[in-house]
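Each chain is listed here by its residues.
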Amino acid sequence: MWRYLGRKFTIYVLTFFLAVTIDWVIPRFMPGNPVQTMLSRAALRAEAVEVMRGYYLKAFGLDVPIWQQYLNFWKAVFRGDLGISVYLFPKPVMKVIAEAIPYTLAILVPAILLSWLAGNKFGAFAARRKWLDSTLLPLGYFLTATPYMWLGILLAWGFGVALGWFPIAGGYSFAMTPHFSWKFVLDLLWHWFLPFASLFLVMFGGWAIGMRNMIIYELEADYAQYLESLGAPRRLIRNYAFHNALLPQITGLALQMGTIAAGAVVTETVFSYPGIGSLIVQAIQNQDYFLIQGCFLFIIIGVLLANFLVDIAYLIVDPRTRRGMLGET
Amino acid sequence: MKAQKNRTKNEFLYFAWRNKKLRIGIFILLFFILLAIVGPYLTPYDPWAYVGPPASGPSQKFWFGTTMFGQDVFSQFVHGLRPVFLVGAFGGGLATLIGTVIGFIAGYRGGWIDEILNTLTNVVLVIPTLALLLILAAYLGVRSFFIQAVFIGCTAWPWTARAVRAQTMSLKAREFVDLARISGMRATKIILTEIAPNMLSYLVMVFILQFGGAILNAATLDFIGLGPTRGISLGLMMQIALLWGALPLGMWWWFIPPGLTIALLVGALYITNVGLDEVFNPKLRGI
Amino acid sequence: MELLAVENLRVYYQTLRGDVKAVDGVTFSMSPGEIMGLAGESGCGKSTLGRSLVLLKPPMKYVGGKVLLKGTPLPIWDKKTMASFRFSEVSLIPQYALSALNPTRKVKKLLTDILWSKGIKFSQIFPELRRRMELVELPLEVLNMYPFELSGGMKQRMVMVLSTLLNPSLLIADEVTSALDVSTQKAVARMLVEFRDRKFVGAIIVITHDISLLYQIADSIFVMYAGKLMERGSTEDLIQRPKHPYTQLLVASLPRIGARYAQEKLQGIPGCPPSLLEPPQGCRFRTRCPRTWEKCLEEPPLVTTKDGDLTWQVACWLAVDKHA
Ligand SMILES: Nc1ncnc2c1ncn2[C@@H]1O[C@H](COP(=O)(O)OP(=O)(O)O)[C@@H](O)[C@H]1O
Ligand code: SF4
Ligand SMILES: [Mg+2]
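Chains as they are written, first to last, in the working numbering: chain A, 1 to 329; chain B, 1 to 287; chain C, 1 to 324.
Hint data in this document are derived by calculation from the structure and do not stem from the laboratory.
Below are the EDC-like pairs computed for lysine to aspartate or glutamate, each with C-alpha atoms no more than 16 angstroms apart in a straight line:
no., chain 1, residue 1, chain 2, residue 2
1, B, Lys20, B, Glu278
2, B, Lys20, A, Asp133
3, A, Lys95, A, Asp81
4, C, Lys57, A, Glu220
Only chain A is shown next, with the shape it has when bound in the complex:
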């Protein structure tokens, strides 16, 4: 068990190391010298130039040896100093991201957990039930094949524009300022619903299908046949099969994390939901490289954390890994 965790942890540390390195290397060595481009672009705003120059001297330290530049960058990262946003000048990137994160988590975490639970339940239920399997399965495939942004656009159009039930942009009404009251919380929820539902639906299709295919394998497995030949009721067999089919689905959750993060980015963009995703798109449109780099780092940290949580969950449910039989992932 500790070997398993140790292995995983090594990979996460390596990944983080690599991510920070990429973050440093790419702007530094990309063709066309982006650093120079950035400085010249910042020159459009007089106040920005000085701040940025200062940051570059610190972070990229253009006049010290390369290895020193790299080390300085690491120091800055650990200080939480990711530079200043050009587009939201003079806010530090760290602060901009910190303000966006709650929104992203608010749609992402419930969507992941609920779709996983519901999708697995539903997939297991539909498997080997003739009409459900043949009518709703194509729907599941269609959902999981749907680009996240398109489902978002569809929901926004249907429930927002056509029916007018939900707003199609923002995290809360323009007329309001964030404060704590029931009215504001309701307003938040009202804006939250469609982006959440859109993420939920696409993921739901994927989990339902994954579970349906997995449980069919499990129901054919030897232990299921043996139970049946001992006259065990269908319910018990399905229960066992469901439990065992959940294991690969948990691994699947870790594997899907990257896709899910991408889904969140585009969904937020569709709904102009003020999370990291919208931030990224704005950063791209305004060529705010510090912000792009910061978001990159945060997505990776988020995905690593999520992976780690999934590993723990896996240890809890799979005795083979827990008892050290399968050290490998």
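Let chain A serve as the given structure and place chains B and C with the ligands on it in line with the hints.
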């Protein structure tokens, strides 16, 4: 021996034809491939030219209506369909190739080579593809469909490498591989002549999944504004539509076709994959 | 009275290419306490016959025949009704015993769940379970382990104890020794006899392709070929004086009684078994029989001779002529 081979081949075709999922999937794919090939000849309009009244719905003249600026949506659509297949096939193919090669080497060689390749695979596996593409694409001023496909291919291979590695390891333990090894065959030759043919059906399915994944990845990149700097694609159509307010204006003809097509295409690929799986694995066929 | 009577049983596999006639008109009976060996080359329908008495499900298809257990009909064609007979009346040690236990449940939990579905509390049966585990030399700790923590032999014995826990009238043991090493094989075979002697089970059908194993433990042997009974008689008679040409070849291919690896020797019989999709007319062994003649184009009748307590059945024209 030959008769045996012929029979299994015929049997495969027989089951393939009987499989409804496979039939539907392949039909949809062929339809869109055909549309991508002949589509641009069906419309007289240039995809970017301002040819009609702005923001008007589908009509006889403009089958899919026009954009905010009076461009023909159908023309954009059929022109945007081509890069979907190109990026999908090339990006998915590259990912399959890289993943397969790494998986073969790691699985066959074992030892420290495996250790290193496996760690690399796991690291790239946890890095979210989009984040990597994001930072790469953002700093690259000029981007083409080719570069997009290369980027996607270089980031999407890890799960394939893992699966191929596991399969190679189990095949390696089998007698016929031992036999080849004892007879002094070279590792590359063993992999190519003994191991790869036994995994062919599996690799085909991997390619199909990578194809679908590449299409979705490309659409996502296009949509957040990191697509190719020239040309039109379905993802780009959605981005432009959203950017110019197609949503509040209710111009559904602008954003429905591209997204629906991607969903149908990728869905068809997935269904084809399941159909093939059922044909290859008799246990799943059911009666 | 007979414990088990099977009459003209036909069980086919439904496939897209047609019916595979894996069990095609099999008739035999067993007395209480009998251990019957079911022998024959791989693919001749042994497992199908055994499994059909416990769990007959698609792609298996019941085509015809009767099964009486202790005089009452066993509704093998009715999957639902059969559920109440399984485990308590007819039970199976499957061919895949090593992977028969759910890998993610501790053995005790698994037992509790299965027993509970039969309306039995684990604590109620625990004393008996403990006694039997002692008998097969399984430590009690096994109950708190996961299947993957047990060795092959331990798993095999655990499945054996579980399958027989409710004292079924009929136990079907499918290739219980094939996957084990030689010393474990012997122990497991001895345990089967022990279980019968202690009346844990009413009778046992031991399915194997290893005739020498049957020589050690079986009271009678049933030789099957291409879905049909070839010969059935007491172990002693059948091995010392086989009447059916197929049995003669089988026995002759044993270098000496008690030899192992009979399976490889079996391949010594020239030719290969006929397709069960379209089996040949007449005697199914015709294509490989060294003594075949034109009469064999007709299906040979089952010649039954009573020899005191035991019956001797042969399906061969040669046997008919002798009695005619
Ligand atoms: N699921 C199945 N579908 C179709 N044919 C089968 C199936 N299982 C077994 N068979 C066929 O039935 C015949 C008898 O199989 P089986 O009873 O397992 O043989 P044995 O146990 O004697 O080795 C074989 O010819 C085999 O090919
Ligand atoms: S009936 Fe004929 S072919 Fe069949 S075993 Fe007897 S002699 Fe041989
Ligand atoms: Mg068998």
